[in-house]
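*Asks:* The residues making up each chain are set out below.
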Amino acid sequence: MEILIILLPLALALGGLFVWAFWWAVGKGQYDDLETPGQRILLEDNQRTVQHKKD
Amino acid sequence: MSTCVHCDEAATYPYFQTEDVAKLRPFCCVGCMTVFQVLHSKGLSAYYDIKNNRPSFKRRSPVENKKQEYTFLDGQDFQKEYVQHYAEGRRSMDFYLEGIHCLACLWLIEKLPEFVEGVVNSKLDLERSCATITVSENGLFSKAAIELNELGYRPHPMRDRAESSAMALEEERSSLKRIGIAGAAAGNIMIYAIAIYAGAPAEVAVFFNALTVAFAVPVLTFSAWPFYQSAYTSLRNRRLSIDFPISVALILGGVMGILNLRHGQHENYFDSLCALVFLLLLSRYFLRKIQENGLRPGDMSFLHQSETVVKKNSSGEFTEAHIRSLVAGDIVRISPDEFFPADGIILEGSSRVNLSLLTGESSPVKLETGDAIYSGTQNLDGDIIVRTTLCGSESRLGSILRQVETGWASRSRISDFSANAGTFFTIAVTLLSLILFFLRYPTDGFEGALIQAITLLIVTCPCALALSVPLTFHRSLSLAAKNGIIIKNEVALEKLNSAENIFFDKTGTLTVGHPQVENFECLRSDGATVEDAVYSLELKSRHPVAVALKEFLRPRHVRLLEVSAREEIPGHGIKGMIDGNMYEINRDGVFRNCSLVATFHVRDLPRPESTKVLRELMNNHYKVSVLSGDCQENVDRLATDLRLGPSFTTRALLRPEEKVSAIPRNHSVMIGDGANDSLAMQQASVGIAVSGSMEVSLRAADIYLVQPGIEGVAQVMTLAKETMKVIHRNLVLSVLYNITSVGLVFSGHIHPLVAAIIMPVSSLTVLLSSFWGTKQLRTLWKS
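Note that the protein sequences, when read in sequence, are chains A and B. Once you know that position 41 of the first sequence is 41 in our numbering, the rest is easy, because the numbers rise by one and skip nothing. Numbers given in our numbering equal positions in the second sequence, counted from 1, plus 55.
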């Protein structure tokens, strides 16, 4: 049972870390738009530049 | 059949881009073709590669192209309200964009800085169809707006970061935080609770118990706050909502847990309570999300009426302005097809005006110089100049809107069902706890009896019901949304279920809302030539009859013929020379060289599905009637057309107030589209606005049909019936579970471990029942 002395704080610290991370992410607006960023990443790199028309 | 290259709509009578025959592509309309050409000329053809390789997630419609200058966007006064400022003189404005539907749109919009001068950043929120455009110090918003318009996304400026939207965002974030905390705590508590149940040694158990209390405190305070709040407000309004027993259970559970910890006992209900808080918050969050999704401006047709007016400025020129800048006394020019932005008097010109949305009258009215016009009516065929007399909320439309808004605020939006269920549960549970307390007091003493009474309160908390109701509604609402039925409030479903009388508006609801051709009859053998001639002659006319004729003839593969000496005679008809013959079209028919060659009738015809939908409703024992503002003759004609028999009642010539008095407050449904229906929609227990309704009707309605037509009405009635069936079934399950647990408590068998098993099991049963639905719901889900 002595192992609890290490495991418990470890578990609590890990849990706390995730809660903190979630809190931080929500506060930063990471959850404000769930649709667009997921779609945006699908765009191919080579489509990211416009083939400028020669004037 | 070919589909439009740009919008993927069926191009039944395709337009072709004719410049390069080798690359012939079909388009459904000129608008889509124009956008295609614009994209090509700008080197943005990759749009189509992206579009064709990715599924789109919204249905889109053909592009309606309308040139606009958007100069008002650059005005100082306008920017004061709409613009946000950043460092180095950068400014940003939010636009709602029409027609956003897929990844390619995202690609295109975010490319904006690369081909529009002055734009430094452009970011699109696909879900909200909202783009944030940032321009440099010297950049012009009008340039970006013109470009967006050209690309087929008509932009509507949105007031940036208005206080309300910032608050909504803050609320959304804090509810996410509440859910997160509850979820994390519930998960962690489970670990220690299981250890305790499994028989952890006493010294460890005490420590674990303390830990569960530590986890539960933020959940029972921070996360559960909305329950306390809503219980408090409903108590203040002398009502018992379902949140009240939940709050009582949570508070008592918390107090008991802490007391037990002090006494060294490790019995508490924190594992069950935290899990329930988590699930309850989650289900309510989902329900709210689906409601918000439905209310997004993208699904509201009112935005599609332009917000731009052409106004005479101080130097006497006509320039574009935003509709909000209009004040009484302004001179505005109204083009055909536009809606009047304010009440006023015609200074110059004459035109036919469509009053149907304001009065229900189906035939267009001819107005001349000096006549009064009202906002919310639509100009049909001539350019006119108007001096405004009453603007904004003072106009006739504005005053209806005001009445609707006050009525809406005072109207009860509380679900009768969950309120009743809450009352029932609370009273029953309180009584049972008191009985239990007095039963046990003689044997177990004060504290023992109290703890048992509290235990009863906790285990009978109607959480299962509170969980299943929002989830069932969530499912039905998202199903409805998928079928183009936007339900603003789940209470509407409940009220639909108890509806007995259904009232329909006539013009625009049961009928199409604009004149259509019936019985076009050619009296000569060369019918095709006559049709071609009629089409060619009417091609440029905006007269309602001409529009109806063109709409009727276009699907018949008409050819365009050369017309000379074309002349439109106001109030009479149109004539012109085609192939050496003099054609004339007037109210009596089509004439060639003064002899009658074809006859036709034009009137506002009923929608093709009207009879079917009404008959279905009548077969389901609803009383169906029509309330119309139109004249008796037209209403009688509709009744004859629909062939529904004597039980179908109609009333004509009703003013908006008379419609209201014709509708009972309870068990009634009103379906309509115009401003003249809006008060009636609000009076009825449920108001349904059909597609193409005015803003004011949309505000008054509880349900909005996105797809044209009234088929949604029958669907939503079925949906309401089936949804309430599921909810009632869940109520029965919930009561059964509670009877069991009350029995267990009275017989002294209850223990936190039993609760930890029974509570999730009961929630799971009702959840499964919600997802299982009914046979009819399952077929609806599948389709």
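Among the clues, some could well be false.
What the hints assert, rightly or not - Derived DEER-like restraints, expressed as beta-carbon distance ranges: (1) B:677 with A:11: 32 to 42 Å; (2) B:721 with A:11: 48 to 58 Å; (3) A:13 with B:380: 54 to 64 Å; (4) A:11 with B:317: 17 to 27 Å; (5) B:493 with A:4: 21 to 31 Å.
These are calculated hints, taken from the structure and not from any lab test. In this text, a Cβ means the ideal position worked out from N, Cα and C, and glycines have one as well.
*Asks:* Is the distance from the Cβ of residue 677 (chain B) to the Cβ of residue 11 (chain A) consistent with 32 to 42 Å?
*Replies:* violated (60 Å)
*Asks:* So the hint says 48 to 58 Å: do the beta-carbon atoms of residue 721 (chain B) and residue 11 (chain A) match that?
*Replies:* Since the Cβ atoms of residue 721 (chain B) and residue 11 (chain A) sit about 57 Å apart, the hinted range of 48 to 58 Å holds.
*Asks:* Could one say that the CB atoms of residue 13 (chain A) and residue 380 (chain B) fall in the range 54 to 64 Å?
*Replies:* Since residue 13 (chain A) and residue 380 (chain B) have Cβ atoms about 58 Å apart, the given range 54 to 64 Å holds.
*Asks:* When you take the CB atoms of residue 11 (chain A) and residue 317 (chain B), is the distance between them in 17 to 27 Å?
*Replies:* holds (25 Å)
*Asks:* Quick check on a hinted range of 21 to 31 Å for residue 493 (chain B) and residue 4 (chain A), using CB atoms only.
*Replies:* Because 44 Å falls outside the window, the suggested range is violated.
Taken one by one, the earlier hints fail for this structure at numbers 1 and 5, listed in ascending order.
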